[in-house]
Amino acid sequence: MPERLIEVKDLEVKFHTEDGVVNAVDGVSFELQRGQVLGIVGESGSGKSVTAMTLLGLTRDRNTSFGGEVLYKGRDVLEMDEDELQGVRGNEMSMIFQDPMTSLNPVYSIGMQICEAIRVHERADKNQARRRAIDLLKQVGIPNAESRIDNYPHEFSGGMRQRAMIAMALACNPDVLIADEPTTALDVTIQAQIIELIDRLKDEFNSAVILITHDLGVVADVADEIIVMYAGRVVERASTRPLFYDPQHPYTWGLLGSIPRLDRPKQDRLHSIKGTPPSLIRAPKGCKFRPRCPHAFDKCMEEPRLENRVEEPGHLDRCWLSVEEKRELRVPTLAGTEEAA
Amino acid sequence: MVAFVIRRLIGAFLVLVAVSFITYLIFVKIPGGDPAQRIAGKLATDQNIADIRQKLHLSDPFYQQYWGMMQSLFTGSLKSYSSQLNVVNEIKKGIPATFSLCIGAGIIWLGFGILVGLISAIYAGRFSDRVITVLALIGISMPVFWLGLIARYLFAEGHPFSIFPDGEYVPLTSNPWQWFVHLLMPWWVLAVLFIGFYGRVLRGNILDTINEDYVRTAKAKGLPQRRVLVKHVLRNSLIPIVTLFGLDFAAVLGGSAILTETVFQLKGVGQYAADSVQSLDLPPIMGVTIYATFFIVLFSVVVDLLYAWLDPRIRPT
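Heads up: the protein sequence lines correspond to chains A and S, in order.
Residues 1 to 341 (the numbering used here) are what the first sequence spells out, left to right.
Residues 1 to 317 (the numbering used here) are what the second sequence spells out, left to right.
Hint data in this document are derived by calculation from the structure and do not stem from the laboratory.
Some hints could be false.
If you want a taste of the chain A side facing chain S, the calculated C-beta under 8 Å gives, among others [claimed, not checked]: (1) T102; (2) V107; (3) E116; (4) N144.
Please read all numbers here as calculations on a predicted model, not as lab measurements.
In this text, a Cβ means the ideal position worked out from N, Cα and C, and glycines have one as well.
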C-alpha cells in the first residue's frame with residue numbers, strides 16, 4: 001500500500017485585489033503517493049503555480065483567502081501556524097522554481113545557500129553542513145563540487161544553477177519535491193537532463209514529485225498521473241498513458257496538438273489554441289473553456305462536473321460531449337492539422 | 001584587487017588636481033576677485049597694490065601662481081590673505097568639531113534611517129507606514145537652519161524646555177560628557193533630514209527586494225521570517241544605501257555641515273569655509289576645497305570597495 005503524502009480537497013485560493021476577487025484556484029483536488037510523479041499542466045494563469053505555492057503556504061497574505069483542505073500526512077497545511085509551516089518548508093516539502101537566474105540570492109555563495117537550508121532544519125555544525133552540501137552538489141552532477149561550492153550564483157550557468165536549486169531543495173531529504181516549471185528558463189538540451197535528474201533523485205531520496213509545466217512533452221516520460229488545469233479548475237485528470245492516448249477534454253487536445261512533432265507531416269504553422277485564458281475575476285459562465293472551445297454547444301452554458309466518463313477508471317474530465325463524439329472530434333486537433341476554431 | 005585600488009587612487013589624485021584648479025580659476029577670474037586690491041583696502045594707493053602684487057607673486061602667469069599655492073598648501077606654509085593665519089592650522093583646528101558632529105550625526109542618521117525604512121516597509125500601506133511617511137516628509141522638508149533655530153529656541157538652556165546646553169563645541173578630550181550633551185542637539189538637527197530621506201529610499205528598496213524570486217526561495221527553504229528579512233531582503237536592499245551614505249557622509253565631513261556648525265557655533269571646518277568664501281580669501285578657500293575634495297574622493301573609493309564586498313557580482317577578478 002503506497003503511502004499517501006498529500007491530499008488536496010476542493011482547494012480554493014482567492015486573491016482580493018482592487019479590481020475584484022481573483023479566483024486563482026477553484027475547487028482543485030488531487031492526491032500524491034510516495035514515489036509518484038504528478039504532473040500539473042496548464043497555460044499561464046491556469047492556477048498551477050498558485051496551487052503549488054499554496055502547498056507550502058507561500059501564497060499566504062492579508063489579501064488571500066483559502067477554502068478546502070491541503071493535507072500533508074493528515075495535517076492541514078492551511079491551518080498550520082507560521083512556525084509549523086517553517087518546519088515543513090524545505091524540510092518535508094521543498095520547491096524548485098522556474099527561473100534559476102533569479103531564484104538564488106546573488107550575494108551569497110551557492111554553498112552558503114545550501115548550508116542555510118540544512119542548518120535551519122537540522123542540528124549540523126558548519127563543517128557537517130558543508131560536507132553535506134558538497135555531497136548534494138555531486139549528486140546533482142556539479143563537477144568539482146569541492147571548489148564550486150564557494151562560487152556565487154553568477155559564476156554558474158543556468159543549468160548548473162537549476163542543479164544547485166535542486167540540491168538545495170533536496171538538502172533535508174524532503175518527502176515531496178515541488179518543481180514549478182523547472183525547465184522553462186533552460187535550453188532544450190538542458191531541459192531533458194534536469195527532468196531526468198529530478199526523476200532519478202526522486203527514487204534515490206524516496207520522495208514524491210509534483211511537476212508543474214505548460215509543456216505536456218516535459219511530463220510525458222516521467223509523470224505517473226497528470227492533472228490538466230484551466231482557469232483555476234481541473235478539466236481533466238488521468239494516468240499518463242490514457243491522458244496521451246485517449247484525451248477527453250478539448251483543452252487537453254489543444255495542448256497535445258500544439259506540441260511540435262517530427263512524426264507529423266510538415267505544416268506551415270504550429271497548432272495553437274485560439275484566444276487567451278479568461279479573466280479569473282469574471283470567469284465565463286458554465287464551462288470555463290467554452291469561449292475558446294470550437295466544439296461548444298448549448299449545454300456548455302452549464303459547467304460539467306469532473307467525473308469519470310470513459311472505460312478507464314480514474315480518468316476524469318469536465319466536458320459534456322459524449323465519449324464517441326470526443327474520439328471523433330479530437331482527431332484533427334491532435335494531428336495538428338486544424339486550427340482549433 | 002590591488003590594481004583596482006591603485007587605479008582608483010590615481011583617479012582620485014587627478015580629481016583633486018582638477019577640482020583645485022577649477023576652484024582656483026573661478027576665484028581668480030571672478031569680478032572683484034583681485035586679492036591685491038582687497039588686501040590693500042579702500043584707501044590704498046596704486047603703489048600699495050603693486051607692492052602687494054609683487055609680494056604675493058600676483059603678476060605671475062596664473063598656472064605658476066596655482067603651482068606656488070599648491071606647494072605652500074602641501075608644505076603647510078600657506079597663509080590667509082586677510083587674517084595672515086596659517087590655513088592648514090586653521091583647518092586642523094576645525095576638524096575635531098566637524099568630525100565629532102559628522103560622525104555622531106552619521107551614526108544616528110544611518111541607524112534611524114534603516115530603522116525607519118524597515119518599519120515602514122514591513123507595515124507598508126498600513127497606518128504606521130503612513131504616519132512614518134508623513135513624518136519623513138516633514139523631516140526632509142525642514143531646512144537645517146530653521147530646525148536648528150527652533151531646536152535651540154525650545155530646548156536650549158534658558159528656553160521653555162531647557163534640556164540641552166546651547167551650542168558651542170566642548171573638546172572630547174577635555175570633558176567627554178559635556179562633549180556628548182553639547183553635540184546631541186546638533187547631531188539630531190543634522191540627522192533629521194537624512195533619516196527621512198534614507199528611510200524613504202530604503203522603504204522603496206525593501207519593497208522591491210521583497211518580491212524577488214530569491215526571497216521566495218528563502219521562504220520556501222523554511223527560514224524564519226526574521227532571517228529572511230535580515231539576511232535576504234535587508235542585505236540586498238542596503239547595497240544602494242551604502243553609496244548614498246558614503247557620498248553624503250563625505251560631503252558633510254567636507255564642509256556641507258556649514259549650516260549646522262553655524263547655527264550651533266561649533267567653529268568647525270564648515271564655518272571656516274563659509275567665512276573665507278564670504279571674504280573671498282583665496283588661500284583658505286583652496287585649502288578647504290582640497291580638504292573637502294579629499295574626503296569625497298576618499299569615500300567614493302571606500303564605497304566602491306564596500307560595494308565589492310557587499311555584492312560579489314561586481315568584485316574585480
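Consistency of the hints with the structure:
Taking 8 Å as the C-beta cut-off, the interface hint given for T102 of chain A holds, the closest approach to chain S being about 4 Å. At about 6 Å, the closest approach between the beta carbon of V107 of chain A and any beta carbon in chain S falls short of 8 Å, and the interface hint on this residue holds. Checking E116 of chain A against chain S: minimum C-beta separation of about 7 Å stays under 8 Å; hint holds. For N144 of chain A, the shortest C-beta to C-beta distance to chain S is roughly 18 Å, which exceeds 8 Å, and the interface hint is violated.
When held up to the earlier numbered hints, the structure conflicts with hint 4 and nothing else.
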